[in-house]
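Novice: Listed here are the chains, written in short residue letters.
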Amino acid sequence: MRQTIEMIGDFGILLKDSVAAVGPALFSGRGRRLSWRNLWLQMNRIGVDSLPIVTLVMACIGAILAMQMAPELARFGLVPVTADIVALATFREMGPLVSAVVLTGFGGSAIAAEIGTMVVGEEIEALEAHAIDPIRFLVVPRLVASVIMMVCLTVVGDLAAIVGAMVVGALFLHLNPVQFYEHAVQLLTVGDFVTGLIKAAVFGLEISIIACFLGLQVRGGAMGVGINTSRTVVMTIVALILTDLFFTTVFFYLGF
Amino acid sequence: MAPIIQIKNLRKSFGDRVLYEDLTIDLVPGETLVVMGGSGSGKSTLLRILMGHLTYDGGNVLVHTHELSQFSRRELNAWRLSVGVLFQTGALFNSMTLRENLALPVREHTDLPEELIDIMIKIYLQLVGLRDSIDRMPSELSGGMKKRGGLARALMMQPRILFYDEPTAGLDPVSSAQVAQLILDLKEKMNVTSVVITHDMKAAFAVADRLALLAERRFHMVGRPEEFRTTTDPLVRQFVDGLLDGPLSAKADQKAYEADLLKRETL
Chain E
32 MRQTIEMIGD FGILLKDSVA AVGPALFSGR GRRLSWRNLW LQMNRIGVDS
82 LPIVTLVMAC IGAILAMQMA PELARFGLVP VTADIVALAT FREMGPLVSA
132 VVLTGFGGSA IAAEIGTMVV GEEIEALEAH AIDPIRFLVV PRLVASVIMM
182 VCLTVVGDLA AIVGAMVVGA LFLHLNPVQF YEHAVQLLTV GDFVTGLIKA
232 AVFGLEISII ACFLGLQVRG GAMGVGINTS RTVVMTIVAL ILTDLFFTTV
282 FFYLGF
Chain A
7 MAPIIQIKNL RKSFGDRVLY EDLTIDLVPG ETLVVMGGSG SGKSTLLRIL
57 MGHLTYDGGN VLVHTHELSQ FSRRELNAWR LSVGVLFQTG ALFNSMTLRE
107 NLALPVREHT DLPEELIDIM IKIYLQLVGL RDSIDRMPSE LSGGMKKRGG
157 LARALMMQPR ILFYDEPTAG LDPVSSAQVA QLILDLKEKM NVTSVVITHD
207 MKAAFAVADR LALLAERRFH MVGRPEEFRT TTDPLVRQFV DGLLDGPLSA
257 KADQKAYEAD LLKRETL
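As you go down the protein sequences, you meet chains E and A in turn.
Start counting at 1 in the first sequence, then tack on 31, and there's your number in my numbering.
Start counting at 1 in the second sequence, then tack on 6, and there's your number in my numbering.
Keep in mind that the hints were calculated from the coordinates and are not lab data.
Any given hint might turn out to be false.
[Unchecked claim] Beyond 10 Å from chain A on every Cβ pair, some chain E residues (computed):
hint : residue
1    : V88
2    : R106
3    : E159
4    : A162
5    : A253
6    : I258
[As the list claims (entries may be wrong)] Some but not every residue of chain A turned toward chain E, in silico, with C-beta under 8 Å:
hint : residue
7    : M57
8    : T61
9    : N83
10   : R86
11   : V91
12   : F93
13   : A97
14   : F99
15   : N100
16   : P111
17   : E114
18   : H115
Just so we're clear, the structure is a prediction, and the values are computed from it rather than from any experiment.
Using N, Cα and C, we set each Cβ at its ideal position, and we do this for glycine too.
Model the full assembly from the supplied sequences, consistent with the hints where possible.
Specialist: Have a look at this one:
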């Protein structure tokens, strides 16, 4: 019990220190500034590598949603409404959540394993010995990259889902793409798009901070790295679902 | 000359395990102090305490007469920048080439142009005999090369003090001799003050101005190499000469072993 409380406390401290370090890391002078090269590298590693899989998964999800909805809606003569439902479900819910789960598998586990291996190899101590703050040097670039790329991936994922559903509409539901697009756009509001992106940004923060925390907590060599890498995936997915529930509840009560 | 570091009555424990009860020693500018001790005696922990990576339970660690535990983040960083550390494994950053490893601290803390940083890198790599490996990844280097690379990186900020954690451990005799010679060269050419943690007697006697033997939770003996060579203290003799019998051989071990066996039998 005490260990769990200590762990939550440590996590809170890392979260606070990391978020507080973002501003100075972006705008300070040399020695305290974020390395742009490092940020670019992390954005590539975390985001760009996940792009094909997010696109594929989201296109499939769009297609699945369309095929699941259409027969029920056809009973009421509302097949074109399929586009509305797919767009709404994707932009508000499925886009950010599914992209985040994919990013957890791709980026979160990689971050935890990389930092964990650095702990085992005395690299974190070496950074500190050179008066280089590991939070600024390791955590902040991953955090910023994860938030930016999560938002980008969500936008791409949303579009991929719409295209997937559009293809199903054209092939099996006699909905031409223009009709599909008009239906989808008619219903969607800026709020739907923005709430999805807010979620995506928070998910990005969660993925990176949990991965960095568990990476830095690695003890006991290679086995410790393996344990905390798998723990990162499990804990992040649970945290994503809980956060999603929280946001959906808040947006529901606020009428967004 | 005023000591750089004064350790007074230092106490440190991990849970129930007491590592130091009463550790006292000074580090004088320009000297090479070799700290020896058996495995698990807390040699590396002492370096971690001196670098501010670990806290201590009691006593004092004074750096230029200021208490280390009271240092602000800024003071601690300034202290760390004045010290170069060679880690046991070299601790090179595995995702970077040797060149990038050496450039990192300079890029982080100075505004020196890249051309100058590159020249510095080549000078220090030449010093440790690794200039040909400048663009190699750490995974492509042998254990001894990693250590020498770690030493070159430690030198990039031109520290006045160097801490070496087991610099010759795991190296073949020739590589050990090369590293020991490097320690001597650095003292001679750069006049650095050094703390060397080792249990390699040959290297210890080769580089030391003073030796300190960490045993039984304190410095059992501190003195010049000649004193260690000539002392009749049984504990020092056993450690230095690598004798099987002596005070360091845990006499209680046999009893503990028997008790452990009997306990297992009753289970």
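Novice: Compare the structure with each hint and give your call.
Specialist: Here's how the hints hold up against the structure:
| no. | hint | result |
| --- | --- | --- |
| 1 | V88 | 28 Å, holds |
| 2 | R106 | 57 Å, holds |
| 3 | E159 | 6 Å, violated |
| 4 | A162 | 4 Å, violated |
| 5 | A253 | 14 Å, holds |
| 6 | I258 | 20 Å, holds |
| 7 | M57 | 6 Å, holds |
| 8 | T61 | 14 Å, violated |
| 9 | N83 | 4 Å, holds |
| 10 | R86 | 4 Å, holds |
| 11 | V91 | 4 Å, holds |
| 12 | F93 | 5 Å, holds |
| 13 | A97 | 4 Å, holds |
| 14 | F99 | 6 Å, holds |
| 15 | N100 | 6 Å, holds |
| 16 | P111 | 4 Å, holds |
| 17 | E114 | 5 Å, holds |
| 18 | H115 | 5 Å, holds |
Going down the numbered hints, you'll see the structure goes against 3, 4 and 8, while the others check out.
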